[in-house]
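**Student:** Protein sequence lines, in the order shown, are assigned to chains A and B. Residue numbering for the first sequence follows our numbering, starting at 623 and increasing by one per position. Residue numbering for the second sequence follows our numbering, starting at 5 and increasing by one per position.
Bear in mind the hints are in silico, worked out from the structure with no lab data behind them. Predicted, not measured: the structure shown is a model, and the values here were computed from it. Where a beta carbon is used, it is the ideal one built from N, C-alpha and C, also for glycine. Among the hints, erroneous ones may be present.
List of simulated lysine to any residue pairs, SDA-like, C-alpha gap at most 20 Å [stated by the list, open to error]:
| no. | chain 1 | residue 1 | chain 2 | residue 2 |
| --- | --- | --- | --- | --- |
| 1 | B | K5 | A | T696 |
| 2 | B | K46 | A | S710 |
| 3 | B | K46 | A | P630 |
| 4 | B | K46 | A | R637 |
| 5 | A | K629 | A | T696 |
| 6 | A | K687 | A | T734 |
| 7 | A | K687 | A | R637 |
If we take Cβ atoms under 8 Å as the criterion, some of the chain B residues that face chain A in the derived model are [unchecked claim]:
| no. | residue |
| --- | --- |
| 8 | Q38 |
| 9 | L51 |
| 10 | Q55 |
| 11 | Y80 |
| 12 | S103 |
| 13 | E109 |
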Amino acid sequence: SAVISQKPSRDICQRGTSLTIQCQVDSQVTMMFWYRQQPGQSLTLIATANQGSEATYESGFVIDKFPISRPNLTFSTLTVSNMSPEDSSIYLCSVGRGSTGELFFGEGSRLTVL
Amino acid sequence: KQEVTQIPAALSVPEGENLVLNCSFTDSAIYNLQWFRQDPGKGLTSLLLIQSSQREQTSGRLNASLDKSSGRSTLYIAASQPGDSATYLCAVRNPASGSRLTFGEGTQLTVNP
């Protein structure tokens, strides 16, 4: 398995502001992902965080709204920019480890935008 | 486009009962299938991973099966306990979509003492 730490665990933010979520993994991983879970819904992949290059975004998600950094193989950040109430969600960091392709998730960051 | 469906959406059972959660997917060309557990407001805990070449995986009271040709997986929970109460999510990975998982909507399980 993997130990994945996310900060903050939760936050309440004002409309129009930005929040950066951090994800720290206990060892080096190649694959690192950011997911969103809107209230009452399942998970949707936002982007793949690539070390040393720009993140790969899924359809419907753009870099200006969700800038991602991946400075090394154990750390990544996701910023939710110019927030609106529709951004209220749980944001989850995920990593892949080993040859099986199993994915592991952090505890999530619950964001409420007023 | 892969679609994953989980039935039922919610399930309430008395403690001690054996139960089955269902997951179906439309594209059988999967790389693997993973079952997760999610407690309210929390992240996901990986329960079982089944590779496309496998038929089932077991961990303690949990057994997951995979029938790739029919696009189905089941998660069997034996002798359920109140601590099993959570949302159970099924997710599949297709070779064509890289490392992206496609998730079902989940089954919310309540085990009553």
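**Student:** None of the hints should be skipped; say for each whether it holds.
**Tutor:** For each hint, the structure was consulted:
1. B:K5 with A:T696: 31 Å, violated
2. B:K46 with A:S710: With a Cα-Cα distance of about 15 Å, the restraint between K46 of chain B and S710 of chain A holds, given a limit of 20 Å.
3. B:K46 with A:P630: 13 Å, holds
4. B:K46 with A:R637: Since the Cα atoms of K46 of chain B and R637 of chain A sit roughly 24 Å apart, the hinted pair is violated (cutoff 20 Å).
5. A:K629 with A:T696: With a Cα-Cα distance of about 14 Å, the restraint between K629 of chain A and T696 of chain A holds, given a limit of 20 Å.
6. A:K687 with A:T734: Answer holds: K687 of chain A to T734 of chain A is near 16 Å, not above 20 Å.
7. A:K687 with A:R637: Between K687 of chain A and R637 of chain A the Cα gap is close to 14 Å, so the pair holds against 20 Å.
8. Q38: 7 Å, holds
9. L51: 11 Å, violated
10. Q55: 7 Å, holds
11. Y80: 20 Å, violated
12. S103: S103 of chain B check passes; min Cβ-Cβ to chain A is 5 Å, inside 8 Å.
13. E109: 5 Å, holds
The structure fails hints 1, 4, 9 and 11 (numbered hints given earlier, in ascending order).
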